[in-house]
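Engineer: Start from chain B and add chain R according to the hints.
Line by line, the protein sequences are chains B and R.
At position 116 of the first sequence (counting the first as 1) the number is 124 in this note's numbering, and the numbers step up by one without a gap.
At position 32 of the second sequence (counting the first as 1) the number is 40 in this note's numbering, and the numbers step up by one without a gap.
In case anyone wonders, no lab produced these hints; they're calculated from the structure.
Warning: the hint list may mix true and false statements.
[Stated by the list, open to error] Across the chosen pairs, the derived CB separations fall in these ranges: (1) R:Asp29 - B:Arg65: 17 to 27 Å; (2) B:Val122 - R:Thr119: 40 to 50 Å; (3) R:Gly214 - B:Thr190: 28 to 38 Å; (4) B:Thr190 - R:Ser219: 53 to 63 Å; (5) B:Ala153 - R:Asp159: 42 to 52 Å; (6) B:Arg52 - R:Ala45: 18 to 28 Å; (7) R:Ala185 - B:Gly168: 24 to 34 Å.
Since the model is a prediction, treat every value here as computed from it, not as a measurement.
Note that beta-carbon positions come from the ideal geometry of N, C-alpha and C, so glycine has one too.
Protein chains: 2
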Amino acid sequence: MSERFFIDTLPLGNQAVLKGDEARHLTRVLRAKIGDAVRLFNGRGSEWPAQVVQIGRDTVSLEIGTACVDRPSDSRLLTVAAALPKGDRQKWMVEKLTELGVGRLIPLATTRGVAEATAGAQARLERGVIEACKQCGRNTLMEVAAGHTLDQLLAAIPAGTYGLIAHPGGSPLNTGALRAATAVLALVGPEGGFTDDELVAADRSGLVRVSLGPHILRVETAAISLAAQF
Amino acid sequence: MSERFFIDTLPLGNQAVLKGDEARHLTRVLRAKIGDAVRLFNGRGSEWPAQVVQIGRDTVSLEIGTACVDRPSDSRLLTVAAALPKGDRQKWMVEKLTELGVGRLIPLATTRGVAEATAGAQARLERGVIEACKQCGRNTLMEVAAGHTLDQLLAAIPAGTYGLIAHPGGSPLNTGALRAATAVLALVGPEGGFTDDELVAADRSGLVRVSLGPHILRVETAAISLAAQF
Numbered sequence: 009m010s011e012r013f014f015i016d017t018l019p020l021g022n023q024a025v026l027k028g029d030e031a032r033h034l035t036r037v038l039r040a041k042i043g044d045a046v047r048l049f050n051g052r053g054s055e056w057p058a059q060v061v062q063i064g065r066d067t068v069s070l071e072i073g074t075a076c077v078d079r080p081s082d083s084r085l086l087t088v089a090a091a092l093p094k095g096d097r098q099k100w101m102v103e104k105l106t107e108l109g110v111g112r113l114i115p116l117a118t119t120r121g122v123a124e125a126t127a128g129a130q131a132r133l134e135r136g137v138i139e140a141c142k143q144c145g146r147n148t149l150m151e152v153a154a155g156h157t158l159d160q161l162l163a164a165i166p167a168g169t170y171g172l173i174a175h176p177g178g179s180p181l182n183t184g185a186l187r188a189a190t191a192v193l194a195l196v197g198p199e200g201g202f203t204d205d206e207l208v209a210a211d212r213s214g215l216v217r218v219s220l221g222p223h224i225l226r227v228e229t230a231a232i233s234l235a236a237q238f
Numbered sequence: 009m010s011e012r013f014f015i016d017t018l019p020l021g022n023q024a025v026l027k028g029d030e031a032r033h034l035t036r037v038l039r040a041k042i043g044d045a046v047r048l049f050n051g052r053g054s055e056w057p058a059q060v061v062q063i064g065r066d067t068v069s070l071e072i073g074t075a076c077v078d079r080p081s082d083s084r085l086l087t088v089a090a091a092l093p094k095g096d097r098q099k100w101m102v103e104k105l106t107e108l109g110v111g112r113l114i115p116l117a118t119t120r121g122v123a124e125a126t127a128g129a130q131a132r133l134e135r136g137v138i139e140a141c142k143q144c145g146r147n148t149l150m151e152v153a154a155g156h157t158l159d160q161l162l163a164a165i166p167a168g169t170y171g172l173i174a175h176p177g178g179s180p181l182n183t184g185a186l187r188a189a190t191a192v193l194a195l196v197g198p199e200g201g202f203t204d205d206e207l208v209a210a211d212r213s214g215l216v217r218v219s220l221g222p223h224i225l226r227v228e229t230a231a232i233s234l235a236a237q238f
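If we strip away everything but chain B, and leave its shape as in the complex, we get (with noise of 0.2 Å):
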């Protein structure tokens, strides 16, 4: 496939302009020419094929033809609500969620957490969504929410959602269950776990307490394993 880059403009009629990062990814990493064929994508389900026909300082102008929607959004969601992990964790668990078709990453501020859902994280785990999107060819983007606390999440589920928290010694996941769920909400915490206080809250909600195998998984890859096999 061709490489592709993200336009969070609509183009106006056959015209559109990178910006900012996308720009300097295809002028100086790619170097494209006048005339280079790209493909572009909103992060709302669209993509055109597009051509290069001005290379500016920081703006790159192309023309692009007839907007495709490759695959109508997606009928089920699955909301992945973490702990967020140290480092370099956050940057891949976003990539793996987005490759895997999670709709949502919601940061989930925990007792025992350790890394904070700022805006500035926030922001970060954005680009690595734009940046997985651009390689695995995913035109929806995946949504990363502000930080919620446990209290806010559970007080707002929505009806019908198939909720469930990652805990060792729960119940074996119930795929099944998992696949013929529409809406599905997976709370995975932090390395040292949940709080009893905090999974009695999750009882109280209606959430099933799934464990994920015999082993102690990191958190990146509790929410992985649950993307797999949603």
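Structural biologist: Coordinates of chain R only, in the frame set by chain B:
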């Protein structure tokens, strides 16, 4: 859980000795003192409670308690044969496959592969397995085989193995059949994909082409996804 350390020799009586990386981890990183309690595992299913009795320059002597085999070795075996991705992605893949219980990883030489399965790479991956086992509580090491060509691999598939090859456009993964199988061999190609010749050779050996969803997954993501669904 208390810290876990890997011993590759059987304890003599009630004495065990840690050397090399494991001894340094205990003394220099964790700054262990005489009397500290840890756990030892031998990568073949056994685990011992242990207490530090002597700290040398590059060795630590421990007194061990009664061995426990905390889990019978799994009667199901997943072998992942994957073209090694580059750099850190190798390390990540090994960590995740170990956490998720994969039995054996075979580095696969392919036409479009980017990283060679040298003896050095194999040793590095084996070290990664030990690190992941220490962390996730797994007492049986994932085996890292020497590199195989596709021909070597296909010529030696044990009878009764359910063989899969991940390829975009394959049939959806039959998760029921996957979970019912006792021995699975799953092939994952390099970033550029398997060549037509490689696919035909896999077809001839009875491997089923499976798709892992609508996006183009990175090597390590495909391998991890298969492991999570095993």
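Engineer: All the hints need checking, so say for each whether the structure fits it.
Structural biologist: Hints, verified against the model:
1. R:Asp29 - B:Arg65: 17 to 27 Å: violated, 50 Å
2. B:Val122 - R:Thr119: 40 to 50 Å: Between Val122 (chain B) and Thr119 (chain R), where Cβ atoms are some 43 Å apart, the hint holds.
3. R:Gly214 - B:Thr190: 28 to 38 Å: The hinted range 28 to 38 Å holds for Gly214 (chain R) and Thr190 (chain B), with Cβ atoms some 36 Å apart.
4. B:Thr190 - R:Ser219: 53 to 63 Å: Roughly 21 Å apart at Cβ, these two residues miss the hinted range, so it is violated.
5. B:Ala153 - R:Asp159: 42 to 52 Å: Roughly 49 Å apart at Cβ, these two residues keep to the hinted range, so it holds.
6. B:Arg52 - R:Ala45: 18 to 28 Å: violated, 55 Å
7. R:Ala185 - B:Gly168: 24 to 34 Å: This hint holds: roughly 30 Å between Cβ atoms.
Figure legend: structure checked against the earlier numbered hints; hints not met, in rising order: 1, 4 and 6.
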